Amino acid sequence: MPIQFLETILLMTIVTYGARVLPFLLFKGKNVHGFVRDFIELVPIALLAALVIPELVTPKGSIVVIHNPYLWAGLLTFLFARFVPNLFMGIVFGMSVFWGLDKFLH
Amino acid sequence: MNQAVSLEIRKSFAYGLRQSLTIAIGYAPVAVTFGILATQFGLTFWEAGLMSFFVFAGASQFIAIEMLHQGATIWMIGLTTLIVNIRHVLMSVSVVPFFPTRTLPWSLGLAHGLTDETFVLNTKVLKEVVQEEDRRQVMLGINLGAFASWLVFTILGGLIGRWLPIQFSGFQFALLALFIILTTTSITRKNAMTYLLAALLAVVFKLLIPGKIYLILSVALAAGIGAWWRQRGHTLSIAGKRPNDKLNK
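Residue numbers (our numbering), protein chains in the order written: chain G, 46 to 151; chain U, 6 to 254.
Read the hints as simulated data drawn from the structure, not as lab findings. Computed from a predicted model, the values in this text were never measured in an experiment. Check each hint, because a few of them may be wrong.
Okay, derived cross-link-like pairs now, SDA-like style, lysine to any residue, Cα gap no bigger than 25 Å in a straight line [as the list claims (entries may be wrong)]:
(1) Lys-148/G x Gly-76/U
(2) Lys-217/U x Phe-50/G
(3) Lys-105/G x Met-81/U
(4) Lys-105/G x Gly-76/U
(5) Lys-73/G x Ile-91/U
All chains, full assembly: derive it from the sequences and hints.
Pasting the structure below:
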């Protein structure tokens, strides 16, 4: 196994496990407040936007609308998940729709 | 099974394990996809398994294998992982009060199993459990069920990807589908502006700056502006009682 891969896993583990375990070790039951709390609270939703929207809108590095299976599969998956709140079904739906559109739009 | 363990405690653990079933089933397709993609990006099935074992955080794992494939430096991957996983601090902070007399081994063990999904389930289930000792066992069961599914199905996906070179373009969409489904359950009127701002910034930065830096920049900026806006709204509102929950704008 390449050493670079082990280093990557080590670093990922440190930051991820660190975020999980520090409150267990340091907090007595108090909570964070103010700007820091709002900031951390908003990171997940901002992250979802940053992870998803650019991939849907600019899959190949420039903005595409019509011939873009990512965009349409994304919209359909969003609508599907609003009505069928099931993780497994949603993912299978998204993958299948994307596969179909990818064939159809090319 | 015939050991003289306290029946109560064993029941709590089994109860948690049963509760984790919905998560375990939901993780399966995502973990299989991760395993398949990891092998397609040149990792072995047990390297993929190793990552699932130690990191156990879906989104960051998908991003990491893609960045590894693109030749990103480990510091860039580490920084991105930090941004993607910093939210665990908040989940951890709000779970900790369930365990006022926790010991170090319990802290170290329970922390590792905290994910978006186990957090939501634990928060719901632990409220109903009276004894702290039982709560630990329930959370252990929930976390372990989810963790086992993630690990086993990662390895399964890795083996599938290795032995059957599948050409199914749907895999490219698995992670996006997961994020989109998470979006439908996490977007609210109070954070929608931050979502839109992050989306706009991310698209612009992605078009302007090569690499994955756009992720960190757009998330930090959008969450920073959103938090500043909330604080501002908070200080502007009457200096009276502060609503206890997230009622402040």
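Now the hints, each set against the structure:
no.	hint	verdict
1	Lys-148/G x Gly-76/U	violated (29 Å)
2	Lys-217/U x Phe-50/G	holds (19 Å)
3	Lys-105/G x Met-81/U	holds (22 Å)
4	Lys-105/G x Gly-76/U	holds (18 Å)
5	Lys-73/G x Ile-91/U	holds (20 Å)
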